[in-house]
Amino acid sequence: MSKPQMIQTDLDSVLTAQEIAEIDAELGHVPYKSGAAIDALKIVQAKRGWVSDECLQAIARRLEMSAEELEGVATFYNLIYRRPVGEKVILFCDSVSCWICGCDDIKEKISAALGVDYGETTADNQYTLLPVPCLGACDRAPVMMVGDDLVTHIDEAQVKALFGDAKTGGDQ
Amino acid sequence: MEKVLTRNIGLEQKPTDLKAYEANGGYQGLRKAMAEMSPKDCQDVISASNLRGRGGAGFPTGMKWSFVPAADKSTPGHRYLVCNADEMEPGTFKDRLLMECDPHQLIEGMILAAYTIGADISYIFIRGEYIVAIQRLRDALAECYSAGLLGDNILGSGYSLHMHVHPSAGRYICGEETALINALEGKRANPRAKPPFPQVSGLWGRPTIVNNVETLCNIPHIIDRGADWFKTLGVGEDAGTKLFGVSGKVNNPGCWELPMGTPIREIIEQHAGGMQDGYQLKGFLPGGGSTDFLTAEHLDLAMDYNVIGAAGSRMGTGTMIILDDRTCPVGMVLNLIRFFAHESCGFCTPCRDGLPWSRQVLQDIEEGRGQPEDLETLAYQVRYIGAIGNTHCALAPGAMEPLQSALKYFYDDFKQHISTGRCPYH
Numbered sequence: 001m002s003k004p005q006m007i008q009t010d011l012d013s014v015l016t017a018q019e020i021a022e023i024d025a026e027l028g029h030v031p032y033k034s035g036a037a038i039d040a041l042k043i044v045q046a047k048r049g050w051v052s053d054e055c056l057q058a059i060a061r062r063l064e065m066s067a068e069e070l071e072g073v074a075t076f077y078n079l080i081y082r083r084p085v086g087e088k089v090i091l092f093c094d095s096v097s098c099w100i101c102g103c104d105d106i107k108e109k110i111s112a113a114l115g116v117d118y119g120e121t122t123a124d125n126q127y128t129l130l131p132v133p134c135l136g137a138c139d140r141a142p143v144m145m146v147g148d149d150l151v152t153h154i155d156e157a158q159v160k161a162l163f164g165d166a167k168t169g170g171d172q
Numbered sequence: 001m002e003k004v005l006t007r008n009i010g011l012e013q014k015p016t017d018l019k020a021y022e023a024n025g026g027y028q029g030l031r032k033a034m035a036e037m038s039p040k041d042c043q044d045v046i047s048a049s050n051l052r053g054r055g056g057a058g059f060p061t062g063m064k065w066s067f068v069p070a071a072d073k074s075t076p077g078h079r080y081l082v083c084n085a086d087e088m089e090p091g092t093f094k095d096r097l098l099m100e101c102d103p104h105q106l107i108e109g110m111i112l113a114a115y116t117i118g119a120d121i122s123y124i125f126i127r128g129e130y131i132v133a134i135q136r137l138r139d140a141l142a143e144c145y146s147a148g149l150l151g152d153n154i155l156g157s158g159y160s161l162h163m164h165v166h167p168s169a170g171r172y173i174c175g176e177e178t179a180l181i182n183a184l185e186g187k188r189a190n191p192r193a194k195p196p197f198p199q200v201s202g203l204w205g206r207p208t209i210v211n212n213v214e215t216l217c218n219i220p221h222i223i224d225r226g227a228d229w230f231k232t233l234g235v236g237e238d239a240g241t242k243l244f245g246v247s248g249k250v251n252n253p254g255c256w257e258l259p260m261g262t263p264i265r266e267i268i269e270q271h272a273g274g275m276q277d278g279y280q281l282k283g284f285l286p287g288g289g290s291t292d293f294l295t296a297e298h299l300d301l302a303m304d305y306n307v308i309g310a311a312g313s314r315m316g317t318g319t320m321i322i323l324d325d326r327t328c329p330v331g332m333v334l335n336l337i338r339f340f341a342h343e344s345c346g347f348c349t350p351c352r353d354g355l356p357w358s359r360q361v362l363q364d365i366e367e368g369r370g371q372p373e374d375l376e377t378l379a380y381q382v383r384y385i386g387a388i389g390n391t392h393c394a395l396a397p398g399a400m401e402p403l404q405s406a407l408k409y410f411y412d413d414f415k416q417h418i419s420t421g422r423c424p425y426h
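So the protein sequences, as listed, match chains W and Y. Per the working numbering, the first sequence starts with residue 1, numbered consecutively. Per the working numbering, the second sequence starts with residue 1, numbered consecutively.
Treat the hints with caution; some may be incorrect.
Going by beta-carbon spacing under 10 Å, a handful of chain W positions derived as facing chain Y [stated by the list, open to error]:
#, residue
1, Val30
2, Lys33
3, Ile38
4, Ala40
5, Val132
6, Pro133
7, Cys138
8, Ala141
Hints were generated in silico from the structure; no laboratory data involved. We put the CB at the ideal spot given by N, CA and C, even for glycine.
Could you put together the complete structure from these sequences and hints?
Right, dumping it as structure tokens:
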């Protein structure tokens, strides 16, 4: 029986020339390369929606840090995604003012309409649903972000208008 | 009352219109400082004004700045001014308003603060979710560079400053100033041990001041109109105005600029329009999710740092969250502790392991599985996790504030959950 072989990715070919140029531009603002770690992760995520293992390793090599150290940074932050996400991420506020104003019920309606729970992506890859700490719009609770847009005073009618009727089947 | 911080808000002009901002008195403070004031003059005015930090702790701003070592030839190298725009305290929505609606006011305050402490580079560390504010600040910065208000040799004064907008990758703990500095350095945002304090050794080991958005927005007005004028704005012990907010089941949730020392009752009943029909006020957090509950008996207190402190809570961010009589206090505390447990950086054990334990006990009580001894467990957690010095930073003690005060004021609700085996509010 032959030994299982590690599949080696050519890390130098993972990042695009544009990504590398943007990361290198950030290096001009920091005294040592790992100082640009979060910026580099955001640059890659902006192009691809998330940060894959290969991308993480390629960024780490570019910044002369270990992949493990960069992984520690990437997984610390709520808005760095280490798994694929849909076209739009729904950041659903579940903090205290939205909770008082009934966000738990709204969340159930969104989950039913999209067929996904927190952390899941719709089968058509349109939406990923995530909870987010207080969005700072508590006077307009309940609120969420759909992509770059802040949606306020969410109610059942608005959920229906945005996401339609119940769908079936989410995808992890 | 004269509007100061919000005087440009609600007008017809575009928020990023530099000409309109200047026509309404904008950049007068900066022009005055560049023409006739030394950094020491600015420092003296801010110290004399009694301005206290609006991010929650209420530390005197002038004193904070005064800890930065004097800039002279013996201390070459960069100095940094950082604006903490990582507004993430549950129930807080004031800095968003200031940045979205009047970005130039913040920038002017930052230039003046940076000039005072001798900083040559400054950052606006802002929530990544604040998409509109990020864009408007970037547009406003571009206007400033074009107009010679930023960059080299500002207004011909010889003073140079560069300013950058840095959207956060998202974590509540980044609001702690040393954690914020680690995030700016591209690291995990664990808070640092103090000392050294950032004023001496902050970003990249250099002298650094971190100030809240609202604090910095006060600076141009104080420089322009003086410390004595600023002190006359408050109606109680503290100086200036403050953005106060109310959320929850009130008729008119919102955020208003009012004098420091405005009575709580006026804010809730007049500005927020009182409770909605069918709801009674049961309690409130006076300044965000990490402040102790107060109750109806405290409504006539003034919103001043020391007054709210003497009542056993903190003024915090000044944005109140109302607990009504149809909302479960145990559920509300559970929601808050769940937030803090999720946002713990994980560095120290009492916070990393203690907060999930509190959350579990509260969840058991809320869902009808509570045992009588759970109340002793919660009291023990408050004593142990809530004590300053048992944890690496103030996150976990802050998390204990709503819990300890809920146990004090709503103890019967906790007991009823346990004795009846269900939440009486659901």
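Hint by hint, here is what the structure shows:
1. Because the smallest distance between the Cβ of Val30(W) and any Cβ of chain Y comes to about 7 Å, under 10 Å, the interface hint for this residue holds.
2. Annotation: interface hint on Lys33(W) holds; nearest CB of chain Y at approximately 9 Å, less than 10 Å.
3. Interface restraint check for Ile38(W): the shortest CB-CB distance to chain Y comes to about 5 Å, inside 10 Å, so the restraint holds.
4. Because the closest C-beta pair between Ala40(W) and chain Y is about 8 Å apart, less than 10 Å, the hint holds.
5. Against a cut-off of 10 Å between C-beta atoms, the interface hint on Val132(W) holds, since the closest Cβ of chain Y lies about 7 Å away.
6. The beta carbon of Pro133(W) is positioned within 10 Å of a beta carbon in chain Y (closest approach about 6 Å), and the interface hint is therefore held.
7. Given the 10 Å rule on beta carbons, the hint for Cys138(W) holds: about 4 Å separates it from the nearest Cβ of chain Y.
8. Restraint check, Ala141(W) versus chain Y: the minimum CB separation of about 6 Å is within 10 Å; hint holds.
When the structure is compared with the earlier hints, no violation turns up for any of them.
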